[in-house]
Structure formats: C-alpha cells, structure tokens
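**Student:** Please build the complete structure, drawing on both the sequences and the hints.
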Amino acid sequence: MPTLADYLTLAAILFCIGLAGALTRRNAIIVLVGIEMMLNAANINLVAFWHFLPPATGTGQIFALFAIAIAGAEAAVGLALVIAVYRHFRSVSVEDIAGLKG
Amino acid sequence: MPWIVENLWLIPFLPFLAAGITALFTREKRIPAAFLVIGAMAFSFLLSLCAGAHVLRAGHGGMIREAFNFTWFAYGDSAVRLGFVLDPLSAMMLFVVSFVSLLIFIFSVGYMDHDENFTRFFCFLSLFAGSMLALVIANSLLLLFMAWELVGLSSYLLIGFWFHKPSAAAAMKKAFITTRIGDIGFFIGLLWFYTETGTSLFYDGGQGSLESAKLGLIAAMGGITALSISLLIFCGAMGKSGQFPLHVWLPDAMEGPTPVSALIHAATMVAAGVFLVGRMYPLFEVDPAALRTVAYVGAFTALFAATIAMAQWDIKRILAYSTVSQLGYMMLGLGVGGYVAGLFHLFTHAFFKALLFLGSGSIIHACHHEQDIRKMGGLKDRMPVTFVTYCVGALALAGVLPFAGFFSKDEILLDAQHFAAKLGGAASVPFCFGLVGAFLTAFYMTRQVKYVFFGKARSHATEHARESSWWMLGPLAALGFMSVFAGFLGFPNEVLGFIGLNKFHHFLAPDLHAHAPSGWIMLGSTAVVLIAIFCGWKIYQGAALEAGAGDPMEARWPEVFRWLNNKYYVDEFYAKTFVWFTHALARAIHFFDRYILNLIFIWGSAGAVYVLSLINQLIDETAINRGFDGGCSTLRRGARWNRWVQNGLSQHYLRITSASIVLLFILALLLGR
Amino acid sequence: MKFVFYILATWTMTSGLLAVTMRNMMHCAAALIAFFAGIAGIFFSLHADFLGAVQVIVYVGAIAVLILFAIMLTRNLTGQEGVSPFSGGAAWGWAASLAVFCAMYYSLQDHPRCAVIPEASPSLAVDEIGRLLMTRYAVPFEVISLLLTAALVGAVVLALDEPKNKPGLPK
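Protein chains in written order, with this note's numbering: chain C, 1 to 102; chain H, 103 to 775; chain B, 776 to 946.
Quick caveat, the hints were computed from the structure, so don't treat them as lab data.
Some chain C residues close to chain H (C-beta under 8 angstroms, calculated; not the full set):
#, residue
1, L19
2, A22
3, L23
4, V94
5, E95
6, A98
7, G99
Please read all numbers here as calculations on a predicted model, not as lab measurements. Where is the CB? At the ideal position from N, CA and C, for every residue including glycine.
**Tutor:** Next comes the structure, spelled out in structure tokens:
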C-alpha cells in the first residue's frame, strides 16, 4: 500500500513541474498550463488527506471539487486574457509584455 | 401570532423594493417605473387594509396591540432589538399614509408627464412613502429613528427635485437643516429614554418602554426626567411638524413639485411629528407639564400660521401656512388631552389637505406653472371638476358642518374647552386661539377660492387653462369623497339620539372616556366659520378681483398686511441672528486662521526653518558635500540592482516570489528549531 | 496497489514534464491531456470516484479543449525558428522550482502522520456529495456558481473584439 507520504511527494513533484513550466516557458499559454498543473497537484493533496486521515467527512473531496470549479473559472479568464493580449501585442510571449518595466 | 402581524414589514418593504428597482431604470422607462411604484403602493394599501381589518375584528370590546419583535444583533449580554407593532394607531396611520400616497402617485403620473426625470421622481416618491410606512409600524426607538431620518432624507431629495433652480436647492437644504435642529433634541431624548428604561422596544409584553412598568420607573424618579425626555422628543416633532419656531422650512418646501408638497403636507412628513407625539403619548402623560407645553406650542402655531396665511399670494404658500396652522391644531388637541381628537384631525386633514394640494397642482399644471393667485381668476368655468373638489376641500378645511374638518376641529375645541374648564386661568388660551384660528382659516380659504376661481382671468396663461387629465382628476374625486365622508367616522356620542357611535374614538382608544359633545361649541364654531366665510365673500368680490387691484385688506391696514405678507419677518430675524452669528463665527475663525495662526505659527515656524536651513547649509558645504559623491555611487549601484528586479517581466517576478518563499521557509526552519 | 501507484506516478510525471518542455504547442496540449487523465487515475486509486469523473469531464473535456482553442487562435504553434521556447533566465526558473520542491520534500520527511495507513478505505457516495453540497456547503456552492457566471461573462468581455480605431492604444 502506498502511504500518505508517497502521495504527497508525488503531488510535490507535479507541483514543481507545473511551477517550472510557469517560470520558464516563453509562451503565455504554457504558463497557464503550468498553473493548471499546480492546481491539480494541490487537489491530489486534498484528496489524499481525505483518504488517509480520519474522520472522512467529505470535506477534502468537496474542497477539491470547489478547487476544480475555481480552476475552470481561472482557465476561462486566463485564456481570454491571453487572446486579448495576443490581439493587442500580436504575440503571446511573456517577454514581449513588459509594460511594467521599472 | 396572526399572519398580518408577522408580515407587517412587507408594507414598507414593497415601496422600498420598488424604489430600489426603479433606481436602476433608465430615464426612458417611464411606464414600467410608474406601474411598478404604483403597483407596490397598491399592494401596500391592500395589506394596510388587511391590518386595519385585523385590528377591527380582533379589537371589538377592547384594545388590541400586537408586536412582532426580533433581535437585530447582540453584543455581549445586551442586544439591539427591533420590532413592528400593530395597534389602532398604526393601523389608522397605515391606512391614511398608503391611501393618500397611492392617490398622489396616480396624480403624479399626470402631473409629471412632461418632466424628463420622471423615473427618478417615482423612485424618490416610493422611498418617501416606504419610510413613512416604516415609521408608522416601528416598535423600537432605533427603527423609529431610522425611518424618521429616511423620511427626512427623501423629503430633502424631493423638495430639491428641481435642484437646478437655486431656490429649490436652498429650500432642500433649509428643510434638512431645520428639521435636523429638532432631530438633535429628539436623538438626545431617545438616548436618554433608552438609558432610563433599558429597552429600545415600545411594547414588549409588559417590558416595553411605553408600558406601565417602565413608565412607572420613570415617574418614580421624580424631578424633571420625564418632562425633559418628553420635551426633547417633542423637539423632533416640532421640527418635522413645522411648529413654531421651527416652521420656517415648511413653506419653502413648496419649491418641490406639487405632488411632493401634497405628500409632505398631508400624509407623510409633517404627520410624522404628530404621530410621534401620539406614539409617545403614554410618556407625555407621565408629567402633565409636557402635554401642557405641547398644547401651548400648538395653540400659538395654529394662530400664528393662520394669520400669515391671510396675506400670502402664492397659492401653495397659503396652503403651506394653513398646514402649519392645522398641525398646530393637532398638537393643541393632543396637548389638551384629546388624544383621539388630535389624531382624528390628522386623519381628516390628510384627506382634505392632500385634496387641496392636488387641486392646486391641477390648477398650476393648467396655468403653466403660474402660482400667484393674483394672476389666476375665473377658473370656475374652465376647470369645473377641479373647482368642485377644491371647494369641498376648502369647506372641509374651514370646518363647515357636514364635511370632515368640522367633526375633528369640533372635537379638538371640545377637549380644549374641557381643559380650560378644568385648569382655569391661562388654560383657556388654547381654546380661544383655536376659535380665532378657525375664523381665520375659513377667511383665508374663502379669499383663496375667490381669487382663484371667481372673477375674470387676470393673465394670459389662465385664460387658456384647460381641465386636467383623468390621471389627475381621479385622485381628486377619491379624496373629495373622503373629505366629505371621513368625518362621519367621528360622529360625536349621543347626538340626535340614534347615531351615538363615535366609531373613530371607539376604534382608536376604547378605554378612554370621550367627553360628551357640547351643542354650544358646535353652534359657536359653525357661527364663527360662517361669519368668516361671509366676510371673505363680501370683501373679495367686484373690484377686488380686477386685474392689478391690490388686496382690500392691504388698503385698509397696510402695515399689518406687510408684516403678515413677510411672515412676521421670522426668516429675516433668523438671518439677522442665527445665520449672522454663524457667519460671524466663521469670519472670526477665518480671521484667527488667516492672521493669528498664519502670522504667529506659520511665519514663526518659517523663520525657525530659515535659521535652521542656514545652519544646515553650513554643515552641507563642509561635511556632507564630500560624502555626497560616495553616497551617489552607492545609490547608483543599488538602483542598478533594483532595475534588475523591476524588469516588468511577470515570470521574473514569479521566480523571485518562489525564491523568496524558499528563503522564508529556510528562515522559519532556522528560527523554529 | 503499490504497483498501480507507481505506474500512475510515472505516467503523470512524464506527461507533465513533456507538457511543459515540448516545443510544439499541439504536442504540449496532448501531453497535458494525458497528464489530466493520470490525475483522474490517481483520484480513482484514492477511492474518490466522483472526483475522478469530474476531473475527466472538466479537465479533459473542457479545459484541455479550451487550451487547444487558445493555441489555435493565437496561431503560434512552434514559435519562431531558432528561438528557444524557454524565456531568458529560464535557468533561474528551474532553480527556483527545484528549491521549492526541496523545501516541500524536506517538510514531508519523518512526519508521524504521513506513515498512517487507514484500517478501512473511506468512500463517499455521489448522493452523499450531493447532500453535502445542498446542506452544509450550500452557501459556498452558490458562491462558486456566481463566480463561474462572473468568470464566463468576464471571459466573453475580454475575448471580444476590440473596437476599431480606438484612440490612445499603443501599437
């Protein structure tokens, strides 16, 4: 049987893969993909806690469900933003969007 | 608990809701706005009828008073509680307010049909009526005060509805500030009352502040506690109901559209003060001196305002001063111990004053917003329906026998006469003032009717006046009906042997003993009124009604007329005293600020700074300058690093965030172990 | 059980890494779909059946499609030739994420509760979830529905065409 630690470690690895994607890729869509992966990793944590730590009242699952809903909203708005940005700058590269330069 | 008591909150809530929805409408949505607001009011009216029916059915053989209380929020051991109460008083007020408001709303559809801010007007109207309905059913000091202030706010908004006119903007401010002066007293009184009784509820199954247990506490305290609280609360009533010396805002409130004037003067705003005294009546009864003050203030206002009304030219201003005078009557009635009489007058007055205002609105609308009665005339034939209903209203206000005003005024005079007989001496003042006031009322109403409807048209606009639309005439007819017949509800006891009912008295206060009617007072007041009407009729005819002719009274007593026409110079007096004082104070403070503070502090500190800067310069030149270049290069290096951080790339920021989180984690580990 | 877990772990890690490293965007999207499916498998292995189903429907069915659309709308499948798909300073990003992983992994070590294995696997039936959503979590449920509506409207507004000749927009 895998233990709670196994699941948490897997979640941590996936989270960091997502983080790496968000931190390194040039394309804004892949940055969003990385963020989605991080949210998914967090959901694994929630469900794993629900599974391993009594009492199992369902809070973990419900919370994960809400997180999925939020992720859906985030993806919709984020991708709409990407499209708006693309139309404006004719580019989806995060390096071209540096209007806040100090 | 009956359904209607639990759901009493719906009555004010529906107009509030309608106001809220209408506020979201655009200007073009005129018809939906009118429908929504009038529909909500109609539902409120139906619910008010239900409430009235409930009180009538349950209250046969005794008084019914049912309260629905709830806790708004609790802190520690104490809680703020709110509630609604259904008793004969609130049922009566609910009926009057919702009925009159409904008719005025319908009238407004016709009156405001050319105004581009039609929807805004209906939004405010609905808010106004809703606040008044909330005020009427409030069973808690706090709720009462909130509704009270909402009434003040919405009247402010409505009086200044045409705020682009400077006079309207000034009137709205005047109304707000003047009533606020009274409200300060009211608020202090409320707080005091709350402190002494420890509860904010009026009726709470024996524990309320207006029930005998708590009132006994206040009475037992002795001293002037009860008197002070009552008078402080009466301050609020004086402000809202326009009693002398806080009456000055009421005539200026005529700057608002005429339906607003009708609403303010008949059903909502000014009735609030009288209602407040009625609601707090048990408290006022604790110390007789409080009621006596109410009586004298009311008597003085009744006479004072009636004399001013004799010499006004503006059709609405005459009615405004008449309202002040009639409110004085109500206060007089309440003060001399005629609880039922005062409120009965409020009841009947609401109908005929609304009728008169709406009638004047119809006239003004027809005459293209001409308000000077000298420029009207001869409208009798051109506006027959308005003429007839207006005459009904005027007769009711004057107190001619079968009309509503007669019964209520007669009851007030009756109570005043008993008051005088019981106390003697100065206590006969209210009665005498009331009788003279009745004379003057009949006289100035005759004068107004003659000027407006008889003779020849004295201006171009009047010549082409046409009868108003049925949106406006319908409410007039309904109110005319009530002005004729509402009085019969208060038909005195044992007159003519067979109609010994006085339904109204029985409804409102079955436990209270009603005085036996006195034929002499009835005959006397009728005689006084008829003489006044006769005098008015004789004086204002023929040459007096020609274009350009002055008032015959002015020709005879020019000095007196000038004083009355200028409202005893009260406004000027206030301008010379309070306003001048405020200005002087402001000027003094300005002077202090400009010259004393500026000279001493600003220039003084400027000098000190100058000396300091001289010293600074010395240090600068010698010590700092050399170190400065070194500092600059350090700054430049720091800035270069900062520029690397702030490079505008979101990913870069994210990376720094992640690294910082790890650093924080390490820091927490190091510190935590 | 351990075996299944390792397969799923390898699957998700591989597909996740591919999704964030591959050059062609379409390939990235395909790897992402595999990643989402792997996560659903992990949910199933944790007896969270309903959540696994939701994961498939929402992520594989909706969000992945959304991302595909975004990729196609922006018409930039492989980036410019000869330019790295990674942004400048990507090494810093890798280092930062590695550091974050180290921090997380370190805090997982030797925690007493991590080794606990429950006697009986809990399960949560769909009707139970429905009841919870309608009772204890009714308010968050309503709030989330409001949020989704707002996000929907916001996304539409954002993605709408900009009006032509709008003044003051830098090109």
